[in-house]
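Asks: The primary structure of each chain is shown beneath.
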Amino acid sequence: MSNASWDDVVDLPDELDDDTAEQLYEGADEVQDMTGEVCPYPQVEAKKAMQGLEAGDVLVQETDHVPSTENVPKAVSELADAKVWKSGDGRYRIFLSRK
Amino acid sequence: MVDEVTPEDVNRKLDDDDVQIVDIRQPEAFAQGHIPGAINIPMTELPARIDEYDWGDDVVVACPIGQSSIQAARLIGSFEGAEADAVTSMQGGYEAWEYDLETADGEGAAEL
Chain A
1 MSNASWDDVV DLPDELDDDT AEQLYEGADE VQDMTGEVCP YPQVEAKKAM
51 QGLEAGDVLV QETDHVPSTE NVPKAVSELA DAKVWKSGDG RYRIFLSRK
Chain B
1 MVDEVTPEDV NRKLDDDDVQ IVDIRQPEAF AQGHIPGAIN IPMTELPARI
51 DEYDWGDDVV VACPIGQSSI QAARLIGSFE GAEADAVTSM QGGYEAWEYD
101 LETADGEGAA EL
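For the record, the sequence lines run as chains A and B.
Residues in the first sequence are numbered from 1 upward in steps of one, following the numbering used here.
Residues in the second sequence are numbered from 1 upward in steps of one, following the numbering used here.
No lab work stands behind these hints, which were simulated from the structure alone.
From a predicted model like this one, the values you see are computed outputs, not experimental measurements.
Where a beta carbon is used, it is the ideal one built from N, C-alpha and C, also for glycine.
Be careful, since some hints might not be right.
Here are the computed distance ranges between Cβ atoms for each label pair [claimed, not checked]:
#1 A:Glu22 with B:Gly37: 40 to 50 Å
#2 A:Arg91 with B:Asp16: 21 to 31 Å
#3 A:Asp14 with B:Glu80: 24 to 34 Å
#4 A:Asp81 with B:Thr6: 49 to 59 Å
#5 A:Asn3 with B:Gln26: 21 to 31 Å
#6 A:Glu15 with B:Glu28: 31 to 41 Å
#7 A:Gly56 with B:Glu52: 24 to 34 Å
#8 A:Ser2 with B:Glu4: 38 to 48 Å
Some, not all, of what chain B presents toward chain A, calculated at C-beta under 7 Å [said to hold, decoys possible]:
#9 Ile21
#10 Ile39
#11 Ile50
#12 Tyr53
#13 Gln71
#14 Arg74
#15 Leu101
#16 Thr103
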């Protein structure tokens with residue numbers, strides 16, 4: 001069995017601490033469950049959602065696919081700033097703040 | 001850092017027997033049409049299956065839009081059985097591929 005891991009090769013955005021992530025999550029304007037989804041669907045959905053948000057609004061994508069934490073922020077980098085929260089058990093929340 | 005190669009370069013490389021094309025899309029998409037000679041290792045399976053292959057001197061990773069292939073190329077390049085410099089990512093992914101495709105039965109496919 002290989003020891004290769006996505007965690008070692010993905011450039012994560014800045015990480016949020018648990019409390020900040022929870023606060024942001026509760027106040028999020030839209031949450032997308034992308035569990036089990038891979039490229040390019042999460043990027044496409046993030047872009048679509050961004051079109052309907054206003055400056056300062058927050059979109060959260062929940063994912064279990066580490067590469068999405070790099071690819072989704074990259075896909076909407078002109079529209080949103082990204083931060084990520086790691087649960088510690090393989091789930092991630094990508095927080096995208098509309099510019 | 002992963003180098004990116006254009007679809008044009010990849011198409012030219014197909015005449016070279018040494019190139020390994022790794023398609024990380026889902027099997028359904030692969031079956032509908034893929035770069036001739038490509039092997040299919042879905043992205044989600046790549047970490048567990050990376051040691052199943054003998055990685056050569058010229059590996060190109062292809063994905064739908066050329067983003068996840070960058071991380072997949074990093075992953076393969078970080079594996080002890082591969083050379084980091086030997087692994088590249090196809091710029092623009094299948095969205096940018098304008099050349100012939102091969103289907104699951106080895107026949108050509110007109111387009112995706």
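Asks: Could you say whether the range 49 to 59 Å given as a hint is met by the Cβ separation of aspartate 81 (chain A) and threonine 6 (chain B)?
Replies: Violated: the Cβ-Cβ distance is about 31 Å, outside 49 to 59 Å.
Asks: Do asparagine 3 (chain A) and glutamine 26 (chain B) keep their Cβ atoms within the hinted range of 21 to 31 Å?
Replies: 24 Å, holds
Asks: Okay, glutamate 15 (chain A) versus glutamate 28 (chain B) on CB: inside 31 to 41 Å?
Replies: Holds - the Cβ-Cβ distance for glutamate 15 (chain A) and glutamate 28 (chain B), about 34 Å, lies within 31 to 41 Å.
Asks: Could one say that the CB atoms of glutamate 22 (chain A) and glycine 37 (chain B) fall in the range 40 to 50 Å?
Replies: With Cβ atoms ~49 Å apart, the hint holds.
Asks: Is the shortest C-beta separation between glutamine 71 (chain B) and chain A less than 7 Å?
Replies: Since chain A brings a Cβ to about 5 Å from glutamine 71 (chain B), closer than 7 Å, the hint holds.
Asks: 24 to 34 Å was suggested as the range; check whether the CB atoms of aspartate 14 (chain A) and glutamate 80 (chain B) agree with it.
Replies: Given about 30 Å between the Cβ atoms, the range holds.
Asks: When the nearest CB of chain A is found for isoleucine 50 (chain B), is that gap smaller than 7 Å?
Replies: Given a least distance of 5 Å, the restraint on isoleucine 50 (chain B) holds.
Asks: Would you check whether isoleucine 21 (chain B) satisfies its interface hint, that is, whether its CB is within less than 7 Å of any CB in chain A?
Replies: Because about 17 Å separates isoleucine 21 (chain B) from the closest Cβ in chain A, which is outside the 7 Å limit, the hint is violated.
Asks: Does leucine 101 (chain B) pass the interface hint, meaning its C-beta sits closer than 7 Å to a C-beta of chain A?
Replies: Nearest chain A Cβ about 18 Å off; hint violated.
Asks: Minimum Cβ distance from threonine 103 (chain B) to chain A below 7 Å?
Replies: 22 Å, violated
Asks: Against chain A, with CB atoms and a cut of 7 Å, does the hint on isoleucine 39 (chain B) hold up?
Replies: 16 Å, violated
Asks: Between arginine 91 (chain A) and aspartate 16 (chain B), does the beta-carbon spacing fit 21 to 31 Å?
Replies: Roughly 42 Å apart at Cβ, these two residues miss the hinted range, so it is violated.
Violated hints, listed in ascending order, are 2, 4, 7, 8, 9, 10, 12, 15 and 16; each of the other numbered hints is respected by the structure.
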